[in-house]
Amino acid sequence: MTLVHEPTAEAATNPRPIETVVELSNVSKRHGSARSGVVALDGVSLTVQRGEFVCLVGASGCGKTTLLSLIAGLDQPTSGELRVAGRTALMFQESALLPWRTAVQNVELALKLGGVPRRQRRSEALEFLRLVHLSDFADKSPHELSGGMRQRVALARALAQRADILLMDEPFGALDAITRDVLHDELERVVHERKLTVLFVTHNVREASRLGDRIVLLSSHPGRVVAGFDVPVPRPRRIESPEVSAIAATVTERLREEVRRHAR
Amino acid sequence: MHAEQIIDDELAGLDRLDTADEQRSSFAFRVWSALWPKMAAIGLVLAIWQFVVWREWKKIYVLPSPAMVWERLVDDIGTVELWKAVAATMRRAVLGFVISVVIGGTVGLAVTASRRVRVAIGSLITGLQTMPSIAWFPLAILLFGLTETAISFVVVLGAAPSIANGVIGGIDSVPPLLRRVGRSMGARSVALYRDFVVPAAMPSVVSGLKQGWAFAWRSLMAGELLVVIPGTQTIGTRLQFARELSDAEGVIASMAIILVIGILVDSLVFSRLERHVLRRRGLGADRA
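Top line first, the protein sequences correspond to chains V and U. Heads up, the first sequence is in numbering that gives the first Met the number 0, so the first residue is 0 and it goes up one at a time. Heads up, the second sequence is in numbering that gives the first Met the number 0, so the first residue is 0 and it goes up one at a time.
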């Protein structure tokens, strides 16, 4: 088992079938009424291919959360077209585990809602927990787990939803640096093993450069796509490597330009 | 080392560091530290009572000493009549409480489910809760006469609003994130309520039940003093008869029984349920 993904450069010489799983064309979303409402997203177009890891980066108010809600089907766009081919699962900044259920019961609930018969749930749920290396903590309550462990349970729960598209809303934002670094490795491995497509929202440009095949920069108020960056750094990556830092520097410069625009 | 192995070790290391075992004190120590403050408080009350008796503020047959009441209690506990009376009262209490749970729970759910129902009766429920239930008895007696129904009617009016308010408060304060999680996991209507909203509301629902029990018990005692059904012995009638016979020991002994039952039901049922619900969520101090 190797961690090396096909680098983007190789993809050109060794083409794999390209299949669009998420496609937004000219999507706008207005919260509230047509007069007094707030425009959260304004004419956003975005396509994501199967197996791609796309990071969405932007300052506050760029409509990242709205965008994920639309793709998850929790909300409808005000205008524009949206197409999603596959099952999605959302992950949040807080793990959003149910505090009255143990780790394994939280995963079991996803299976229950997916129609898995009661007898099979526990063993299947334990299998998903094993994938995120939490078998030993299956019967712990969320409050007995650390923030990083809770996010791994949430990842197991997302996998239990049989999702092939993971929508992650700043999932590691509240974690300490070393836990985050290790979880980056862990997420990369799980995504590679299960051939998942990921849309990962973050305001941390280094994190985006560490994880993404591609970074999409969003502007704020209203949210628009302002730039896209490829991240042609081979995996496995290190967040402190010069290649990752170089990409992060470029994206940061562009993001700061965007932030300065709001000063006037 | 293999990359895979490195991640495994790092994860295991972090997990170990993050979940240090906490020390738990011994069982005997916990029982003792839960018990002595209660004993001290009871001792203090008895001491003040005894002091007042010694000062001869009232005649001894009007205000008997703790020892006299204790003797009377021990005698009473040995009689079949007392236990029959307790059984009759408890049967009423449980019946009234169960009806209150059904009605209060249904009304609470209806208020959270529909904006119109909320506007119509939301503030009425709080109003009912502040209304002293004894004020309902004249009407209840006119409507139903001196019957069990009159008592149940008032018990339910006393308890159901608290239970409904517990349900409403609990569901209103469910974090929106939890509903979002539920919907993103594909739960709709019934499943959303069953697996996400109602369990999340449990801490408030349980404190509503607890408060509902207290109101039911109070209303029932008021009812048993006012609505005396001939031939039925209850704790309330014992209290009433003792007063009519100027039997102060009997009055205080009956009151002690009412107090003890109230405390026992609360600590064995409701406080225990509350602790269980909170502890599962990692909330609440470990109090006994």
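Since the hints were derived computationally from the structure, they do not count as laboratory data. Every residue, glycine too, gets a C-beta built ideally from N, C-alpha and C. The reader is advised that the hints may include incorrect statements.
[Claimed, not checked] One side of the interface only, derived from the structure: several residues of chain U facing chain V at Cβ under 7 Å:
| id | residue |
| --- | --- |
| 1 | Asp-8 |
| 2 | Gly-104 |
| 3 | Ser-183 |
| 4 | Met-184 |
| 5 | Leu-277 |
| 6 | Gly-281 |
[To be verified] Over 10 Å on every C-beta distance to chain V, these chain U residues come out as not near it, computed from the model:
| id | residue |
| --- | --- |
| 7 | Ile-6 |
| 8 | Trp-31 |
| 9 | Trp-53 |
| 10 | Ile-140 |
| 11 | Gly-168 |
| 12 | Asp-246 |
| 13 | Leu-258 |
How the hints compare with the structure:
| no. | hint | in the structure |
| --- | --- | --- |
| 1 | Asp-8 | 10 Å, violated |
| 2 | Gly-104 | 19 Å, violated |
| 3 | Ser-183 | 4 Å, holds |
| 4 | Met-184 | 5 Å, holds |
| 5 | Leu-277 | 10 Å, violated |
| 6 | Gly-281 | 3 Å, holds |
| 7 | Ile-6 | 5 Å, violated |
| 8 | Trp-31 | 27 Å, holds |
| 9 | Trp-53 | 53 Å, holds |
| 10 | Ile-140 | 44 Å, holds |
| 11 | Gly-168 | 17 Å, holds |
| 12 | Asp-246 | 51 Å, holds |
| 13 | Leu-258 | 33 Å, holds |
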